[in-house]
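**Student:** Read off the chains here:
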Amino acid sequence: MKTTKLYLGPQHPGITGNMMIELDVEGNKILKSKTHVGYLHRGFEKLMERRTYIQSFPIVCRICVPEPDVNENNYARAVEKLSGLEVPERAKWIRTMVLEMARLQSYLLWMGGQSGSMGLYTMPQWTIGDRDYLLDRFEELTGGRVYHLYVWPGGVRKDLPIGFKTRMLDLMDYLESRMKDYTKLMFENAIFKKRAIGTGVIPKDKALEWGVVGPVLRGTGIKHDVRIDEPYEIYDKLEFEVPTYEGGDIYSRALVRKFEFMQSISIIRQIMDKIPEGPIYNRIPNPFKWKIPKGYTYVKLESSRGEFGYFMASDGSEKLRRVNVRGPAYVHGISLLEKILPGSRLGDVSTILNSLGVCPPEMER
Amino acid sequence: MDDLKRPTLDSDFTCDMAFNKITKWAQKNSLWLLAYGTGCGAIELSPTMTSRYDWSRLGIRGSATPRQADLLLITGYLSTKTLKRVIRSYEQMQDPKYVIGFGSCTINGGMYYDSYNTIKQLDLYIPVDVYINGCMPRPEAVLSGLAYLKDKIGDKKADGWIKYKQNFEWYRENQKKILKSFNGDNMPDKYNW
Amino acid sequence: MIDIKGILGPLSALKFLGKAPHTIDYPKETKKTADRYRGIHYNDVEACIGCGSCGTICENDAIDMVNVGFDPNKADTGFRPVVDYGRCCWCALCVDVCPSGSLSLTKDYVYVDDDPKKFLYVPGLQELGKVNIDSTDDLKELAKIEKENRPKLKEGERSWYQKDRTEGLLEFNRVPMKELPGSTRIKSFAEVVLGYTEEEAFMESIRCLGCGLCISACPDRMHIPDYIQAITERDYNSSANIIYENNPLPEMCGKVCTRQCETACVYHNRGDAVAIRWLKRFTTEQFDDFRTIINAEVKPLNGKKVGIIGAGPAGLTVGYYLRLRGYDVTIYEALSKAGGMTMAGIPKYRFPLDSLDKQISYMEEMGVRIHYNTRVGKDIMFDEIMDTYDAVFIGIGFHDPYDLGLKGEKEAKSGVISAVELLRRVNFGEKVDVGKKVAVIGGGNVAIDGARVSKRLGNVDVTILYRRRVQDMPADWEEIEGAEDEGVHIVPQAIPEEIMLDKNGKVTGIKYVMAEMVDDGKGGRPRPKKIEGSEKILPIDTLVGAIGQQADYSFLPDEYLFKTQDDEKSGSKKGIDTFWGRILVHGYNETTMKKVFSGGDMVNRTADAISAIADGLNAVKGIDLFLQGGKETKVNHSVTESDLDKNKLLDKHYKMKHENGKLVSVKLDLSGNIVTESVKIAKDPDELKKDVEKKEVNKSTDKANSKDKTMSYPTKNTNGETKKEEKKSKSKKKSKKKKKKK
Amino acid sequence: MGFSKLTETKVLLKQYFKDIISIEEGGEQRLIIDLQSKDITSMINHLKDFMDFKHLSMISCVDWPEENKFEIVYILTSYSKNIVLMLKTKIDRKNPKLQSIMSLWPQAVTYEIELNEMFGVFFEGNDRMGEEFILEDWDDIPPMRRDFDSLEYANKNFKFRDERKDKKIIREFISEHYDEWRKK
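As you go down the protein sequences, you meet chains A, B, C and D in turn.
According to the numbering used here, the residues represented by the first sequence are 1 to 365, in order.
According to the numbering used here, the residues represented by the second sequence are 1 to 193, in order.
According to the numbering used here, the residues represented by the third sequence are 1 to 742, in order.
According to the numbering used here, the residues represented by the fourth sequence are 1 to 184, in order.
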């Protein structure tokens, strides 16, 4: 049969963002794949070298569009680690809550995308509509809908608004009740199961070597989570479980995410229950003149797609020497995709892309 | 920008007024947009198109190919690499076609003003009919931008595509300044609609 | 196997079929954004001080500072932020660093337009999209927008703003300065203020935003942000060098400066200003000797000689900087120590002697020659100085106190002393006996100093009598508080009437009458009005008067004094022109007489040390230009003309002149001759007099007359002198204090 | 208690590699190791095969033009030991060459291409060197180098709106406006 070269993207409804996959197909079967990135490259790392530490804080969240808080948190913790700035206890609790809210909204977005890529168009209408209620809480808390600019070096910018706790707990109840509908519509749907089980398989023995992280890794049965391996913020004071499913296919990844969704709800409830009173940030000395001692650091956290790391080098001046962002999609979207796409069917490409949590802006920064 | 020719929209329509009115009405109430999320703004499009804000009630829906699309949303910054694809997509779209620029980045570079890889002024490369304030614009702002565009189409003022046609050399020249490998093979020097 | 559940499950979605959609009506009803949503900017242009912090913090370069028609003054550059929504990312860092708290974000977010130029706008002055800005020239047009037409912020519209001083990125609290407790310090003349430690100085210096507003308020234009930055970098050496660029007496300034800079500091409105004075003090305290660290280049002598009368701050400044420029400098000082009023008039618990010695000895080391105990007019004649030197600088200061003008003052044989004299005698180590009860009359810094010094002279009970309220006192609030800590009684609204004497002429008490404050009817500050029958008698041993000083011009021979009438008649006579006890200067502090320059208290209105230093520096440049011009016969300003903006020079070339009984200002040409007709009619003397009264010039008419015997001022006999106390600008801190007191 | 895993790893590494320039703890669960560039491949091989550092988190590069060096940083994670290693090595900036580790981890290829594109570091043994990865038609020095000025490049190549040309910085305005008699 004739081999055809097919360019998927950058402009295509099935692509998770502005990226392009070059495919060699034989009929419906993919022989070779190559990812092309760079359509969203803004040179963040260069821009941050030109800005002072506090000036870099508003731009880091743009690195990953669907989950900006992860970047804010990582950046803030990296700066705190380098400079020795202390964070008040309450701020840590709020930060953890923000991270879990980010995880929830990211999973809701993912559910919409994942089922939408299989033609289940009711799901995006529901989940993205429900995600908006989370964004309302975000807006109330942080002042921004998508880019929150809330977690900054030294703590968080503003305290919880009055009555936030009640509204947040109500929302958690609502999301929990909605999960039953999602399950019926998506996770137990025959079409979904048929297409998800056995597709996009990552072998368990290769997963670590290929650099797989996060829910995708846990979907192959390997239990690693930065929240447990290296507890940051206040994760060591919370009770939660980290699920694993054997299989390594789209369906086990979906189940991992579903389980984690429920865990996040439980974490937020715990936080709302136990959050201590106190100050919310330690002010940095002077936004224009603040200098950070020379040093290197690598901080990481568990985003909804896996280990999200920041490597940072400071040279003792007001500005960063170098920052390098390691998004999970960098590995998932390029080298992993090139490994697992060959052999699958053409129609599964966007499904696999969604299940890996590929997010172009963080690949090219 | 001042050296551009101002197009006269009516001259393009030889049909009578009634037909003219009907086409305008039809055009403004069925805007199909090209599913091309070029920047961060794409993240606010999914809420806008789904149940909460629901832009289908304004007659808007996505289309997979540029040939069927009327509307191109430039959702934020454009890297030079994307710009090439955007121009390509824009030129493939059928007349009449409209462009909406989202947020600061399309106006004067936005927060990437000192970046080496993003363009600063979108209207140097393709004509923009409407700009929406924000970084990113909220869904409400997006909807108001779309409503503004609809009004503009109704008033026959959304003439960016004619401007592009009439000042094609000017736009091409600007585009070539940025896109170094912009040769005759993949980008004809003539407008090929 | 067929997955029945999986096939039928999705049908459960049908239960939502009849339910209301999530959709929100648009645009019929605008969805409300959250209370802290970061929307469009709003700037309270009245409260904004144009410091530019918002523009500096903006990582997107979205904020320009542009003059949109507001007049600049000391604490306001007149610039306002212009926000480019082609750049903004709504991070609100600009709001968080706004020291005046004027900038905020609102809940508005929708703005749609097809013209990209309209996304540039001035928050608070215009509405977004209403004005098309093609260039910054268009922005100047905005000044025409009347106050009423500016966009108003609706109730509850402000969303992201600094609610109080605890929010945002700025630290509004000053690092506290340690002081001796009041009970300890009255026992000796030990320095009250203890100074910052290195860490405290660092923490205080890093608060500085580096905007430079303080420079605009400093008479001497010291490079404040630069030397504070050097402290932040712990580079005290260069910090001291920057200070020495335009201040040869930094330690004095670090301890007793009136610090007008701090009132202009961006933090001043909502918090504590950066402790500029203490930081300067910190820098100078790091070195025991300036010789080793100041890298000033001393030029070899160029043969020109300059004589300076008075080794006060102005004279020393002129001496030091002229010596650096290669002039042979000689200073004549009447007292036995240099420093002028800073030596004689500042109590040593504020400014210890060794600090002064450190600075003076450094100057003498540089080659500045000082003749002590040489009073011009007595030990050396002014004529001689004029003949010997190529240029002469007069910086004699105000050392002559006003008399109180009370009944019994002249008759008193002992027990009445002026504060200036008291301070001088104490500072020079003389023994002064003030008895057990002292009353001080006056409300300025000299009065407070007099009171606090008296307190230290033993177990003395000190009372300050002031005719207005405490918050009206011209003295520094810190000084007043310090005095209160030390147990000085302040009796406000007390007008002294008569000095009670015993038969030997010794003071036994003072009779004063209480006053109530009445509105002066012109919107000015309230005036004290005597309450009939409220006379009280305070028994005292010594009365200290501190109601102002004046200069003593007796050393000037008659022919050197400018006489308008003679001048008009003969058309030839020239001399040093004075006006109300102050020498008139223009341009580079040159007097109306050739080759004579002047500066210091008897020239400027603020009459404080830093202004004297500023005068000195100005005169240095003037003398330098004059002498390098090479023609002694006429003041050569041709160099200045090219050097300085001509218009600005001409502005200063006005002088006041009497014409047909009216005061007019006269334009002078570059060599000091009257070149044009009277160009601008000034207020007539009566009105001027009222003005002066409004400013509460405490005059004592009869005494002023007696002083006039030695000086032939053509018009001075009816009008007094502005009080020295007025030099202290009334700080806003005091109004805060006032509230506290209430 | 005995040694913690961090100290144990530290001691083991010190024993095994005599040529390590320095090895220090960078906070909890972090080891920062300075190496000579010739040792880097054998060190990584050893770490992966025998010390269970199976996960490659990142390959990064820091530019030190004042020392005329590039500093390549490999970040490795051991899940079993729960330690993150930062292996650093400095290479000459004029001729930046290093051995590729693409045979150990497939994702290393991507990191190496990116460093090649952004800094100009050449990885020997990587057959995709010189490929266009993120940039397209780039004609200047590699953009992430410190001596590349991003704003200057933007000013040269792109046009900004010209409405706001006379921008004033307040500090400079004040110096100009109020410092008149000290102008030289």
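In short, the hints are calculated from the structure, not lab data.
Worth double-checking, as some hints may not be accurate.
Taking lysine to aspartate or glutamate and the EDC-like style, the derived pairs with C-alpha atoms no more than 16 Å apart in a straight line are [said to hold, decoys possible]:
{"hint": "1", "chain 1": "A", "residue 1": "K289", "chain 2": "C", "residue 2": "E233"}
{"hint": "2", "chain 1": "A", "residue 1": "K206", "chain 2": "D", "residue 2": "D149"}
{"hint": "3", "chain 1": "A", "residue 1": "K258", "chain 2": "A", "residue 2": "D348"}
{"hint": "4", "chain 1": "B", "residue 1": "K21", "chain 2": "B", "residue 2": "E173"}
{"hint": "5", "chain 1": "C", "residue 1": "K107", "chain 2": "A", "residue 2": "E239"}
{"hint": "6", "chain 1": "A", "residue 1": "K274", "chain 2": "A", "residue 2": "E239"}
{"hint": "7", "chain 1": "D", "residue 1": "K81", "chain 2": "A", "residue 2": "D229"}
{"hint": "8", "chain 1": "C", "residue 1": "K163", "chain 2": "A", "residue 2": "D136"}
{"hint": "9", "chain 1": "C", "residue 1": "K536", "chain 2": "C", "residue 2": "E484"}
{"hint": "10", "chain 1": "B", "residue 1": "K152", "chain 2": "C", "residue 2": "E233"}
**Student:** Against the structure, test the hints numbered earlier, and report the numbers of the ones violated in rising order.
**Tutor:** Hints 2, 3, 4, 5, 8, 9 and 10 contradicted; others consistent.
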